[in-house]
Amino acid sequence: MTRPAVLELDNVAISYREQDIVRRVVHDVSFSIAAGEVVALVGESGSGKTTTAQAVIGLLPGNGQVDHGAIRLDGTDIAHLSQRRLDAIRGSRISLIPQDPSSSLDPVRTIGSQVAEILDIHRPRDRAANRERVIELLGHVGLSRPELRVRQYPHELSGGMRQRVLIAIAVALKPALIIADEPTSALDVTVQRRILDLIDGLRAENDTAVLFVTHDLAVAADRADRLVILRDGRIQEQGETAAIFRAPRSAYTRRLLADAPSLAPVSYRAARPAAGGEPAIVVRDLVQDFVLAGRGGERFRAVDSVSFTVPRGSTHAIVGESGSGKTTIARAVVGFQRPTSGHVRVDGTDLATLRGSAMRHFRRTIQLVYQNPFGSLDPRQSVRSIIEEPLLNFGALPAAERAAKALAIFDRVGLPRDLLARKPRALSGGQRQRVAIARALVLDPRVLVLDEAVSALDVTVQAQILRLLGELQRDLGLSYLFVSHDLAVVRQIADSVTVLHNGRAVDAGPVRDVFEMPTSDYTRDLIEAIPGKRHPAFA
Amino acid sequence: MSDAPLAGAGVTVEGGRHARSVAALLRRVPPGLLLAWLVILLAALLAVAPGLFTHYSPTAGIAGHQLRPPDLTHLLGTDELGRDLLSRVVHGAIYTLTGAFVAVAVGLLAGTALGLVAGSVGGVVDDAIMRVVDVLLAIPALLLSLSIIVLLGFGTVDAAIAVGVTAVARFARVLRSEVVSVRRTEYVEAAFGSGGTFVRVLWRHVLPNSVTAAVAMAAVEFGRAILLISTLGFLGYGAPPPTPEWGLLIAEGRNYIATAWWLTTFPGIAVVVLVLAANRISQSVGKRT
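Protein sequence lines, in the order shown, are assigned to chains A and B.
28 is the number that this note's numbering gives to position 28 of the first sequence; each next residue is one higher, with no gaps.
Take any residue in the second sequence, count from 1 to its spot, add 539: that is its number in this note's numbering.
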C-alpha cells in the first residue's frame with residue numbers, strides 16, 4: 001500500500017451502556033482504507049460491523065461511545081470531535097449510503113429538495129447553482145428524466161431508484177470516503193448488481209475510498225479490494241480479497257466461505273428416482289387476481305396461468321424478485337386464498353372442493369414456514385406451547401402423549417431442551433426458525449411450503465437450517481415447495497424450479513437444465529446477477 | 540468475646556445490603572408514580588377498613604357539634620347534622636371505588652367483546668358494531684348515563700353500570716384497532732394454518748396480544764369513572780342520602796358553601812387526588828406496553 005490512507009482505525013474499542021451495564025461490542029479494531037480503494041467489513045448480525053461504521057461517521061446511538069483508539073481521517077483523529085465539528089465533515093468529507101432506501105428518504109419532501117439539502121448545508125451561498133447541480137447529480141447516478149424526478153416524492157420511485165437518489169446525496173460533495181452500509185440488501189438481485197456497479201463507477205471517477213459494510217461475503221468478494229472479517233466485535237482476519245479466498249487463515253472465514261451458497265462450487269442435487277404415486281403438489285393454470293382498492297373494481301393479475309408439479313419427496317423451487325407473485329402462489333397452495341381460476345391439488349385433494357371443517361383437516365397435510373421467524377411466532381407463548389398448539393387443534397390426544405410428541409419434534413430440529421420454557425424473543429433468529437419448522441412438522445404433514453424461510457438468517461445459520469431441511473426430507477419423506485429470491489440457494493438444494501417474472505412462469509424444469517440452459521433473457525439476467533463470480537470455487 | 544461483635548457486624552452489612560436494594564428499586568420508580576400508587580393503596584385501605592382511620596359514625600350526627608370547622612376533635616370538621624366529615628369521606632371511599640370498578644369492568648368486558656368481534660370478523664359485522672359505537676360516542680357521556688339511570692333505577696350499582704356503558708364505546712374502538720393489526724400478523728395466520736378454529740385462535744392469540752392496550756386504558760377510565768360517578772352523585776342520580784358518597788357530599792355541602800367551606804373542599808380534594816393518581820398510573824402502564 002503505497003498510497004496514504006484516507007481512513008485509519010487504530011485499536012478502536014466501542015461499547016454500549018444499558019442502564020448500569022457497559023457492554024463492549026467492538027474490540028481493538030484496526031484497519032485502513034486508501035483513496036480509490038474498497039474495503040469490505042464483513043460479518044454476521046451482531047458482529048459489530050454497523051457499529052464500527054457508525055463510529056467512523058460519528059453517528060453512534062446516544063448510549064454508545066468510543067472507549068479508546070483513534071479514527072483518523074486524512075491523519076486527524078475524529079473519534080472524539082464535538083458534534084458541531086463533525087457536522088462540517090459529515091456529508092462533505094465522509095458520507096453514508098444507508099441500508100434501507102424505503103425509510104431513508106423523507107416521504108413528505110420532494111426528491112429534489114432532499115438532494116439539494118446537502119448542497120445548501122455545505123454551500124449555503126449559491127442556491128441557484130445548487131438546483132442545477134441536483135439535476136446533474138440525479139442524471140449522473142443513472143436516473144432517467146432527472147428534471148421530472150426532482151419534483152417527485154419518494155413513494156413515486158422504485159426501491160432501486162430511491163437507492164440511486166441516496167447515492168446522489170452521498171456523492172454530491174465528492175467526499176473522500178463513502179460508507180455504504182448494506183446498500184443493496186433490501187433490493188432485488190438484478191437491481192443490486194446495477195447499484196453496486198454504479199457505486200463502483202463513481203468511486204473510480206473521483207478516487208473515493210469506500211467502506212463497504214455487508215453480511216454477504218460473495219458480494220464483498222466481487223466488489224472489495226480488501227476484506228475485514230468481523231465476528232463478535234473482533235477482527236478474525238483481514239487482507240487482500242484474493243489472498244483470503246486462496247488461503248483463509250481463520251477457521252471462521254473458512255466456515256463463512258463454505259456456508260455461502262453463491263461461493264460454493266456449482267453442484268446440483270443428484271437426480272433421484274421419482275417416488276411413485278400421486279404427486280405432492282399439482283398446480284394447473286393458476287390465476288390469481290386482486291381487486292385494487294379504491295379504483296372502481298380494477299383488477300391486478302398477480303399470477304398468470306402458472307403450472308407445475310412437485311413429485312413426492314422432492315424439492316421444487318419458485319424463484320422470482322419482489323412482486324413476481326411467488327408468495328401469492330405459496331399462499332394459494334396452502335389454501336389461504338382461493339385462486340381466481342385454475343386448480344391446486346395437494347396430495348391428491350383438490351383444494352377447490354374443501355370448505356370449512358374439511359379445509360381445517362386438510363391443513364394437517366401441508367404446512368407453511370414463513371420468512372420472518374420474528375413475526376410468525378406469538379410473542380406471548382412459550383416455545384413449548386407454540387409447538388404443542390397444532391396438536392390441540394386436532395383434538396383428543398392425551399396431554400402426556402402430546403408433550404412427548406412435541407418433545408420428539410423439538411429434539412428432531414436440533415434445539416436444546418432448556419429452551420422449551422422460553423418466549424420467542426429470548427431466542428436467536430436461527431433458533432426461532434427451528435421452532436417454526438418444529439411447529440410445522442408436529443402434525444406430520446406431507447408437504448412443507450417454505451416461503452423465503454432462510455432469507456432472513458445469517459449465512460452460517462442459513463446453512464444449518466438448509467442442512468436440517470435436507471435431513472428431514474430424507475428421513476420423513478417430505479416434499480418441499482421452496483419459495484426464494486436467492487438463486488444460489490435454489491441451485492444448491494432444489495430438484496426442479498419455476499422462474500417467475502411479473503406473475504408468469506418464464507422458465508421451468510430441472511434445476512440443472514434451467515441454470516445451464518435458460519430459455520429466457522430474464523432467467524439469464526438473474527443467473528448473471530448471482531454474486532461471487534470474481535473468485536470462483538476455491539473449494 | 541471477640542466473636543460477638545464480628546457476627547453482629549455481619550448482620551448489619553447483610554441488612555444494609557437488603558435495604559440498599561429496596562432503596563435502589565424505589566429510586567428507579569419516578570416519585571410521582573410512587574405517590575400515585577400510595578394514593579391508590581390508601582384509598583383501597585379506606586374502603587376495606589374504614590375503622591382504622593376514624594371512630595365516628597358516618598351517618599349519625601353528634602348533637603351540638605353541627606357545622607364545626609376543622610379542629611383536633613373533627614379533623615375535617617362536621618356537617619349541618621353534626622356528622623364527622625373525615626368519617627364520611629373515609630366511609631364514602633368504598634362507594635366511589637366499587638362504583639368505579641364496576642363501571643370499568645362493564646366497559647372493559649363489553650367493550651373488549653365488541654371490539655374483538657368487530658376487528659376479527661370484519662365486513663358487515665364490523666361496520667354494524669362500529670357505527671353503533673360511533674352513535675354512542677356522539678352522545679355526551681353525562682346525558683347517556685342519566686338516561687340509563689332513568690331506565691335502570693337509582694342506586695350505586697345502577698349508577699356504576701350507567702357510567703360503564705359510556706366507556707364501552709371507547710374500549711371497543713381501542714381494542715378493535717389493536718385486533719385489526721394483530722389479526723394480520725403471521726403468527727395468527729400460522730395458527731389458522733395449523734388447523735386452529737376461529738374461536739380458538741381469537742382466544743389464544745388475538746385477544747392476549749391486543750388486550751394490553753385496553754388494560755392500559757382501563758386505568759384512565761378508572762379516573763374518569765370516579766369523576767362521572769361523583770358527578771351523578773352530585774346531581775342526585777347516584778346513591779340516595781345519607782350514603783356518604785363523595786359526589787353527594789359535595790352536593791350537600793354546596794348549601795353551606797358560604798359558611799362551611801370544608802364541606803365541599805375536602806371531598807373535592809379526595810376526588811381530584813384519586814383521579815390524578817389513576818391517570819398517572821395509566822400513563823406509566825401505557826408507556827411500558
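Do not rely on the hints blindly, as some may be mistaken.
Some chain A residues near chain B, calculated using beta-carbon distances under 10 Å [as the list claims (entries may be wrong)]:
hint: 1; residue: H27
hint: 2; residue: D28
hint: 3; residue: F31
hint: 4; residue: V334
hint: 5; residue: G375
hint: 6; residue: I386
hint: 7; residue: F394
hint: 8; residue: L407
hint: 9; residue: A440
hint: 10; residue: Q473
Distance ranges between label pairs, derived from CB positions [as the list claims (entries may be wrong)]:
hint: 11; chain 1: A; residue 1: L292; chain 2: B; residue 2: S716; range: 20 to 28 Å
hint: 12; chain 1: A; residue 1: K423; chain 2: B; residue 2: G662; range: 32 to 40 Å
hint: 13; chain 1: A; residue 1: H155; chain 2: B; residue 2: F737; range: 55 to 63 Å
hint: 14; chain 1: A; residue 1: G62; chain 2: B; residue 2: L815; range: 25 to 33 Å
hint: 15; chain 1: B; residue 1: V674; chain 2: A; residue 2: S382; range: 36 to 44 Å
hint: 16; chain 1: A; residue 1: D87; chain 2: B; residue 2: I808; range: 36 to 44 Å
hint: 17; chain 1: A; residue 1: D20; chain 2: B; residue 2: L614; range: 53 to 61 Å
hint: 18; chain 1: A; residue 1: R24; chain 2: B; residue 2: S716; range: 56 to 64 Å
hint: 19; chain 1: A; residue 1: R380; chain 2: B; residue 2: L572; range: 22 to 30 Å
hint: 20; chain 1: A; residue 1: S382; chain 2: B; residue 2: V587; range: 30 to 38 Å
hint: 21; chain 1: B; residue 1: G662; chain 2: A; residue 2: R380; range: 26 to 34 Å
hint: 22; chain 1: A; residue 1: M359; chain 2: B; residue 2: R723; range: 17 to 25 Å
hint: 23; chain 1: A; residue 1: R380; chain 2: B; residue 2: F737; range: 13 to 21 Å
Not the full set, but computed from the structure, chain A residues with beta-carbon under 10 Å of chain B [said to hold, decoys possible]:
hint: 24; residue: R355
hint: 25; residue: D378
hint: 26; residue: S382
hint: 27; residue: S385
hint: 28; residue: N393
hint: 29; residue: L397
hint: 30; residue: R439
These are computed hints drawn from the structure, not numbers from a lab.
Glycine included, C-beta positions come from ideal geometry on N, C-alpha and C.
**Asked** What are the numbers of the hints the structure violates, in ascending order?
**Response** As far as the earlier hints go, 1, 2, 3, 8, 10, 13, 16, 17, 18, 24, 26 and 29 are violated by this structure, in ascending order.
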